[in-house]
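S.K.: Sequence:
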Amino acid sequence: MVEVAAERGKQLSSRVSEEGAGWACAQTGTFAQLRPDDHGFSWLNLRTLWLSRNEILAGLFGDPSGQVRARWVAAQEARGIDPEFRIKPPVDGNFSFLLLGDTGEGDASQYAVVPGMLKMGEETSFAVIASDVIYPTGSGNEYGDKFFRPYKDYDAPIYAIPGNHDWYDGLGGFMRVFSDAPPLRPKPDRGLRGLLWRKPERIDEARLTEARAMRGKASQQATQPGPYWVIESESLLIVGVDTGIRNVIDKGQVAWLRRVSLDPRPKILVTGKPIYTGNVYKPSPLEGGGTIDDIVRDPAHRYVAAIGGDVHNYQRYPVRLDDGRVIQYVVSGGGGAFMHATHIIDRVDVSKVHEDDFKCYPLRGDSLSFYSQLYAKRLRMKWLNLTPSEASCLMSERIRNEPVRTPTGPVEITWRMRWAARFLGAWPWPLRLPVDKVFHRFLSELSDWDTPPFFKQFLHATVTPEELTLRCFAATGCLGQELDPPLEDEVRIPLTA
1 MVEVAAERGK
11 QLSSRVSEEG
21 AGWACAQTGT
31 FAQLRPDDHG
41 FSWLNLRTLW
51 LSRNEILAGL
61 FGDPSGQVRA
71 RWVAAQEARG
81 IDPEFRIKPP
91 VDGNFSFLLL
101 GDTGEGDASQ
111 YAVVPGMLKM
121 GEETSFAVIA
131 SDVIYPTGSG
141 NEYGDKFFRP
151 YKDYDAPIYA
161 IPGNHDWYDG
171 LGGFMRVFSD
181 APPLRPKPDR
191 GLRGLLWRKP
201 ERIDEARLTE
211 ARAMRGKASQ
221 QATQPGPYWV
231 IESESLLIVG
241 VDTGIRNVID
251 KGQVAWLRRV
261 SLDPRPKILV
271 TGKPIYTGNV
281 YKPSPLEGGG
291 TIDDIVRDPA
301 HRYVAAIGGD
311 VHNYQRYPVR
321 LDDGRVIQYV
331 VSGGGGAFMH
341 ATHIIDRVDV
351 SKVHEDDFKC
361 YPLRGDSLSF
371 YSQLYAKRLR
381 MKWLNLTPSE
391 ASCLMSERIR
401 NEPVRTPTGP
411 VEITWRMRWA
421 ARFLGAWPWP
431 LRLPVDKVFH
441 RFLSELSDWD
451 TPPFFKQFLH
461 ATVTPEELTL
471 RCFAATGCLG
481 QELDPPLEDE
491 VRIPLTA
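Start counting the sequence shown at 1; every next residue gets the next number (the UniProt record's numbering).
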């Protein structure tokens, strides 16, 4: 079924037509009927900002995630979990799974992903959420509408690795939901950080029990050993790593990761922070020295891909190493939160990846048009508006390549269009409107809308003993693309030596 849907999806994608991108949405999808009446939260609310203060405090006074994670791990080991943090689902050498990143805003952009995910996930063995299961602060009391409700009809287990937002609650909500762990005993943290630090929220157990009932079938149940883990199969290991708030991996997790990586089977790394994003190399530091990519690139460890969340779009960098191996570095953070722009990504050349081999979703032109239309409407500045064809031609000029999608009709680029693109960040310019994750905390809803196209995405992975196939399917919010999810990217990765 997936092979047939993928072939059809290639002809329906944004790479083929504006309709495939969702610009000509004949009918809104069914997602609006799935979402709850509550319209979520606002980052402009002072209470929300105060509750999410731990990100700033961690930057100013140091990130305690490593020490707290060690306490969670010790508590789990005392409960008798496997010290190697292994998960062994009932799969053989041939299976498939889904991967979504940055899901939990609980609004239209999250629920728009659900219908296509359910369709393509019918025969999958499990799903993985990579980073930020719950926005804004990871509270255990918000899992009902942001986890259990949207995925109530997904008939398989869901595993997760936490993102920085899940850590704003001290990982209390995450560990209670995914590991059935009791809260940690309070431990005083002296100093200004300890005085200001947001403490874990007390979980309403009756409310959580009611929420759990939405995914109460036996086929949906799973308990993972902790915030990091390895999913084992005959053909492939999926290694999930917890990067905490500030993207540093503690020494206990490092030691575990080195042990797991010695297993001779091929591996995928799933991490809360991508190693490559925006044409920049950003490997997570290891406590004690080195980076996580040192482990990924070691030929003895047989990693074939590294997939990270946190950035709310899709990017793929095929990096060829000096020994001839190719590792696919992927950003997959389009599972539900508002979109981070791709049109601000320069012509790709990081680690000798050629621009023509780089893939992203949304396409840069669609990203530029999206933000131009959003701000033209929000700020009542019509001159900012750029059609998808105009934006595509502007980005082709900026990146110095042929447009991925043939523009509709002739396009004459004017100075008005160029100035609009500058203000929207397509060219380096000191005065620009918020379009990327720098503005996430304070201005995210300026970058959020509740009508198609959403430019969301999820990954479908097919595993055989010989090959791993990664497919990026789009979720636009349009009914036609719920029924036939567009295939925006596909890569086949050999697993044999």
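Because the hints were derived from the structure by calculation, they are not lab data.
Do not take every clue at face value.
Stated by the list, open to error - Result set (PhoX-like, lysine-lysine): computed pairs, CA atoms no more than 20 Å apart in a straight line: (1) K10 x K352; (2) K199 x K152; (3) K199 x K282; (4) K187 x K119; (5) K187 x K282; (6) K187 x K88; (7) K10 x K119; (8) K119 x K152; (9) K199 x K187.
S.K.: None of the hints should be skipped; say for each whether it holds.
M.R.: Verification of the supplied hints:
For the proposed pair K10 and K352, the alpha carbon gap of about 27 Å is over 20 Å, so the pair is violated. Of the supplied pair hints, the one linking K199 and K152 is violated, its CA atoms being roughly 30 Å apart against a limit of 20 Å. Proposed proximity of K199 and K282 is contradicted: the alpha carbons are some 30 Å apart, above 20 Å. Of the supplied pair hints, the one linking K187 and K119 is violated, its CA atoms being roughly 45 Å apart against a limit of 20 Å.
Taking the CA atoms of K187 and K282, the gap is near 32 Å; set against the 20 Å cutoff, the hint is violated. The suggested pairing of K187 with K88 is violated, with an alpha-carbon distance near 33 Å, which exceeds 20 Å. Simply put, K10 and K119 have alpha-carbon atoms about 16 Å apart, close enough for the 20 Å limit, and the pair holds. With a CA separation close to 14 Å, the supplied pair K119 and K152 stays within the 20 Å bound.
Using a Cα cut-off of 20 Å, the hinted pair K199 and K187 holds, with the two alpha carbons roughly 10 Å apart.
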